[in-house]
Amino acid sequence: MSDLTHFDMQPILMDPKSKAITTDPNTKASRALTAELELLNTLHRALVTSDSVPPSGVPPPPVPVNPKRGANITKLRDNGNAEYRKGRYAEAQKLYTLGIQMALGRPLWEPSALVREELSGLYSNRAQTHMALQNWPEGAVDAETSVEVKKIGNAKAWWRRGKCLLEMGRLDEAASWVRGGLEVEGEEGELVALLKEIEAKREAH
Amino acid sequence: MIPEIDWKGLLLPFAYVIVLGGALMTFSTIYRKRKAAQSANLEPWFSPHLQRNIYLSLLHLSPEDGGEKRVPDSVLKAALLRRAVEDLHRLVQIRSAKQACSTLLQRGSVGNDLWKRFQRAEKEMEEELRDVVTEANALAPNWGQTIFQSANEMAINYKVRNHVDDFQVQARAEREWWDKRRKQIRSEFMKELDDETETTETPNKPASDDEAVLVDTPRLKKAVRK
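Sequence order for the protein chains is A and B. 1 is the number of the first residue of the first sequence in full-length UniProt numbering; add one for each residue after it. 1 is the number of the first residue of the second sequence in full-length UniProt numbering; add one for each residue after it.
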């Protein structure tokens, strides 16, 4: 690409009906091209169907955000919390899962910080329902996902994975995980207590 | 009176000038050609820009190539966005490589070639960004001002989603591991129970303390299952 006018023609075609871009069946297309075209078609569908796109057909600047989706997600989460408090864990889990799907379905051009915030809360809460149902492995994975999405200010998720690991008897892993949490969160009371519990079990080992 | 010019006597100096000029010119053209060839042969910093190639290919998809009509603008807009996202990835790579590259060059750890490649990539990057802005403005008024903002969020959002997927796929393996582990614990536990049928003590008391943790879990599990 030494000058701006040069480019390599790609073996692609457009389906005139669906407007989807496909690789030319007569040539052998690379895997990278196929993958990229799939991303492109997904993005195109999102651009055409999303209601947050103005008539000009290009994504609006990241802020301000259309509040509709955010409100729906918050509602799902609040309902989930209510179900959880009533002890209907499976229902709460379903609501959180719906919320997660909705948060993941947020248009890509909307602020990523918002997506992180929503996802971390929802995964952390879903981890809690898994724990209430004693599904420790799923709880551990959800709590870890929550932490990965939002590391700081997420002490609950740190604690939840630590607890799940402890319940599964993975003491070393639990201890190093909770220590990592303490490094990020500072001296969080619950985490300190959990670490003590783990250490006590480890010493008995 | 104009003095008669001695053409024959001037022949030698003229020939001298021509030969000298010719030699210099030949040298300069050959030298430049070699230089150009050399820098053209330098490996490019980045691999081919797939998204850019797709975008430009879409622009050039002519009716006889199978597409009955021109590619609609919405597809071009999506393709341009993908291209902008890839540009941002490359921009980050270039920015982070710059410091390291210049330090290494100063120390003499890397050759001049690498530095030349880098500078060329930097220049191309600038042109590429400018080109994307121009294209964006052509597709929708004033889009050039916001396309990279959108692309930036998209780049991060793609990453967040991939990250989430990476972690969520572990759930199945974790579940399988735990089911196996639980079975194992339970069979150990049953064996222990059988061993101590005579004593009516609680089963985990005679067991060593380290197993107390493992023993706890299946009992809880069983309680829930009932």
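Hints listed in this document are in silico derivations from the structure and should not be mistaken for laboratory results. Keep in mind that a hint or two might mislead.
No more than 27 Å apart at the CA atoms, straight line, and that leaves these computed lysine-lysine pairs for DSSO-like [as the list claims (entries may be wrong)]:
(1) 94(A) to 156(A)
(2) 151(A) to 116(B)
(3) 156(A) to 159(B)
Now for the hints, and whether the structure bears them out:
no.	hint	in the structure
1	94(A) to 156(A)	holds, 20 Å
2	151(A) to 116(B)	violated, 40 Å
3	156(A) to 159(B)	holds, 24 Å
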